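Colleague: Top to bottom, those sequences are chains A and B.
Add 2 to a position in the first sequence, counting from 1, and you land on the number used in our numbering.
Add 2 to a position in the second sequence, counting from 1, and you land on the number used in our numbering.
No lab work stands behind these hints: they were computed from the structure.
Some hints could be false.
Identical copies carry no separate label here, and so any pair may be met within one copy or between two of them.
[Stated by the list, open to error] Listed below are the simulated EDC-like cross-link pairs for lysine to aspartate or glutamate, each with C-alpha atoms no more than 20 Å apart in a straight line:
1) 100 with 45
2) 25 with 160
3) 143 with 59
4) 212 with 136
5) 174 with 133
6) 25 with 204
7) 212 with 193
8) 212 with 139
9) 211 with 193
10) 211 with 89
11) 161 with 204
12) 105 with 89
13) 212 with 197
14) 105 with 197
15) 25 with 55
16) 161 with 45
17) 120 with 160
18) 174 with 204
19) 127 with 197
Quick caveat: nothing in here was measured; it's all calculated off a predicted structure.
2 protein chains.
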Amino acid sequence: MTNHIIITISRQYGSGGRLIGEKLAETLGIPFYDKELITLAAEQSGFSREIFERMDERASSSLLYTLSVNPGMAGGLTGIADLPLNDKVFLIQNNVIKQLADKGSCVIVGRCADYILKEYPNLIKVFICSDMTDRIERITKVYGVSFTNAEREVQKYDKRRSNYYSFYTHTKPGIAANYDLCLNSGQIGIDASVEVIRAYVEGRRRAAKK
Amino acid sequence: MTNHIIITISRQYGSGGRLIGEKLAETLGIPFYDKELITLAAEQSGFSREIFERMDERASSSLLYTLSVNPGMAGGLTGIADLPLNDKVFLIQNNVIKQLADKGSCVIVGRCADYILKEYPNLIKVFICSDMTDRIERITKVYGVSFTNAEREVQKYDKRRSNYYSFYTHTKPGIAANYDLCLNSGQIGIDASVEVIRAYVEGRRRAAKK
Chain A
3 MTNHIIITIS RQYGSGGRLI GEKLAETLGI PFYDKELITL AAEQSGFSRE IFERMDERAS
63 SSLLYTLSVN PGMAGGLTGI ADLPLNDKVF LIQNNVIKQL ADKGSCVIVG RCADYILKEY
123 PNLIKVFICS DMTDRIERIT KVYGVSFTNA EREVQKYDKR RSNYYSFYTH TKPGIAANYD
183 LCLNSGQIGI DASVEVIRAY VEGRRRAAKK
Chain B
3 MTNHIIITIS RQYGSGGRLI GEKLAETLGI PFYDKELITL AAEQSGFSRE IFERMDERAS
63 SSLLYTLSVN PGMAGGLTGI ADLPLNDKVF LIQNNVIKQL ADKGSCVIVG RCADYILKEY
123 PNLIKVFICS DMTDRIERIT KVYGVSFTNA EREVQKYDKR RSNYYSFYTH TKPGIAANYD
183 LCLNSGQIGI DASVEVIRAY VEGRRRAAKK
C-alpha cells in the first residue's frame with residue numbers, strides 16, 4: 003500500500019459515523035467528503051444542487067419522473083439521458099467518487115462508495131453502527147429530533163439507506179464480511195472509534211511495507 | 003466497566019480468529035478458552051470428552067440419538083435428560099461459559115458465547131472474518147488442507163457453524179450490528195488484528211471511567 007488510501011464510511015443513522023469520518027480525516031490529514039459530494043456532483047453535472055439533495059441516498063423508483071440531461075454536462079457520462087433521475091444522480095456521484103479516489107487519499111461517507119470503489123487496492127471499508135438507545139440519544143441531542151419521534155426517525159432512515167444500498171449494490175448493508183472493519187460506536191464514543199480505525203489503518207500500512 | 007471484561011470471539015473458519023483470541027488473551031494477561039471448554043464441560047457433565055468433540059459447534063438434528071444422562075452429573079442442569087444429545091452438549095457448555103464469565107476476565111472463542119453472555123454488561127463481542135483467498139491460504143499452510151479441497155472445506159465449515167449459530171441464537175452470524183467489533187484479518191494479519199481489538203478494549207475502559 004502506498005500512502006494513497008481511500009477510507010469509505012458506511013453508517014447507520016445516529017451512529018456518529020459522519021463525525022467519526024470527519025475526525026479521522028482530520029487526524030490523518032486527508033480530505034473528507036460527505037455533503038461535499040453533492041456540491042461537486044452538482045457542479046460537474048449542470049443539475050441543480052437541490053436535485054442532489056432531494057435524491058441523496060434514495061433508491062430509484064419507477065414512479066419518479068425522468069429529467070432530460072445533456073450528457074456533455076453530466077460529468078462526461080453518456081447514455082444516461084433516459085434513466086430515472088435517481089439513477090442519473092447515482093451515476094454522476096459514482097463518477098465524482100472515482101475522480102476523488104484517483105486524485106489522492108480521502109475519507110468518503112455513504113453513497114455506496116465502498117461498492118463503487120471495490121476494485122481499488124488501497125480501499126479500507128468501514129461500517130459504523132450503534133444500538134437503538136444510543137442512536138436515539140444521539141439524534142435527540144445532536145439533531146434536535148423529539149424523543150417521541152426518534153425511534154420512528156431511525157427506522158425511516160434505516161429503511162431508506164438499506165433500500166438505496168441494496169438497490170445499487172445487490173447486497174444488504176451491515177454484513178461484516180463485506181467490510182474491513184465494523185464498529186459499534188455507542189459504548190466507546192467518537193474519539194475512541196477514530197482510534198480503533200486508526201489502529202486498523204496502521205495495520206494496513208505495516209502490512210504493505212512487508 | 004470494572005477490570006472484569008469478557009471478550010467473545012466469533013470467527014469464520016480460516017480467518018485466524020482462534021489465534022487472534024489466544025494472542026489477545028496473552029497480551030491482556032487473562033485466560034483463553036477454546037477447546038478448553040470441551041475439557042471443562044466433559045469434567046462437569048460426566049459425559050466423555052469424545053462426545054463434546056463430536057458434537058462441537060454442530061446444530062441439533064432430530065435424527066441424532068439421545069443419550070440418557072444423570073442430571074446430577076450434567077453440571078447441575080435438570081430437565082435435560084430427554085433432549086437430543088446436541089442440545090445437552092449446548093446446555094452443558096452454556097453452563098460452563100457462564101461460570102467462567104462469572105469467575106473473571108477471559109477470552110472465549112465460538113460456541114455462541116456472545117449470545118449466551120448477551121446480558122453481561124462488560125461483554126465485548128468480536129467477529130473475525132477474512133476473504134476466501136486468505137482463508138484458503140491459511141488453512142492450506144496452517145492446517146495442511148490440500149489446495150484442491152480447501153474452498154470446499156471452508157464452505158463446509160461456514161455452513162456448519164452458521165447452522166449451529168442460527169439454531170441456538172435465531173440470528174445469522176456475521177451481522178455487524180450484533181457485535182461490538184468486526185474485523186477482516188486477511189490484509190493486516192494476526193498481530194495487527196490483536197492491536198485493533200486492544201484499541202477497542204482501551205476505548206471501553208476509558209468510557210467506563212467517565
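Colleague: If a hint holds in the structure, say so; if it does not, say that too.
Modeller: The hints, checked one at a time:
1. In this assembly of identical chains, residue 100 and residue 45 lie within 20 Å of each other by CA distance solely inside one copy; the values are 16 Å within and 59 Å between copies.
2. Proximity of residue 25 to residue 160 under the C-alpha cut-off of 20 Å is found in neither arrangement, the shortest distances being 23 Å within a copy and 36 Å between copies.
3. For the identical chains of this complex, residue 143 and residue 59 are neighbours neither inside a copy (23 Å) nor across copies (43 Å), given an alpha-carbon limit of 20 Å.
4. In this assembly of identical chains, residue 212 and residue 136 lie within 20 Å of each other by CA distance solely across copies; the values are 16 Å between and 40 Å within a copy.
5. Both within a single protomer and between protomers do residue 174 and residue 133 lie at most 20 Å apart by alpha-carbon distance, with minima of 18 Å and 18 Å respectively.
6. Taking the shortest Cα distances, residue 25 and residue 204 sit within 20 Å of each other both inside one copy (16 Å) and across copies (19 Å).
7. Taking CA atoms no more than 20 Å apart as the test, residue 212 paired with residue 193 passes between copies only; the shortest distance there is 13 Å, against 29 Å inside one copy.
8. Taking the shortest alpha-carbon separations for residue 212 and residue 139, only the inter-copy value of 17 Å comes in at or below 20 Å, while the best intra-copy value is 44 Å.
9. Taking the shortest alpha-carbon separations for residue 211 and residue 193, only the inter-copy value of 15 Å comes in at or below 20 Å, while the best intra-copy value is 27 Å.
10. In this homomeric assembly, residue 211 and residue 89 never come within 20 Å of each other (Cα to Cα): the closest approach is 40 Å inside a single copy and 48 Å across copies.
11. For the identical chains of this complex, residue 161 and residue 204 are neighbours neither inside a copy (34 Å) nor across copies (33 Å), given an alpha-carbon limit of 20 Å.
12. Neither within a single protomer nor between protomers do residue 105 and residue 89 lie at most 20 Å apart by alpha-carbon distance, with minima of 24 Å and 56 Å respectively.
13. Only between protomers do residue 212 and residue 197 lie at most 20 Å apart by alpha-carbon distance; the minimum there is 17 Å, versus 23 Å within a single protomer.
14. Proximity of residue 105 and residue 197 under a CA criterion of 20 Å is satisfied in neither setting, with 25 Å inside one chain copy and 30 Å between copies.
15. In the homo-oligomer, the alpha carbons of residue 25 and residue 55 never lie at most 20 Å apart, since the shortest distance is 23 Å inside one protomer and 47 Å across protomers.
16. In this assembly of identical chains, residue 161 and residue 45 lie within 20 Å of each other by CA distance neither inside one copy nor across copies; the values are 29 Å within and 48 Å between.
17. Proximity of residue 120 and residue 160 under a CA criterion of 20 Å is satisfied in neither setting, with 23 Å inside one chain copy and 24 Å between copies.
18. Proximity of residue 174 to residue 204 under the C-alpha cut-off of 20 Å is found in neither arrangement, the shortest distances being 28 Å within a copy and 31 Å between copies.
19. Within a single copy, residue 127 and residue 197 get their C-alpha atoms as close as 16 Å, and across copies as close as 18 Å, so both meet the 20 Å cut-off.
Hint violations for this structure: numbers 2, 3, 10, 11, 12, 14, 15, 16, 17, 18, all remaining hints satisfied.
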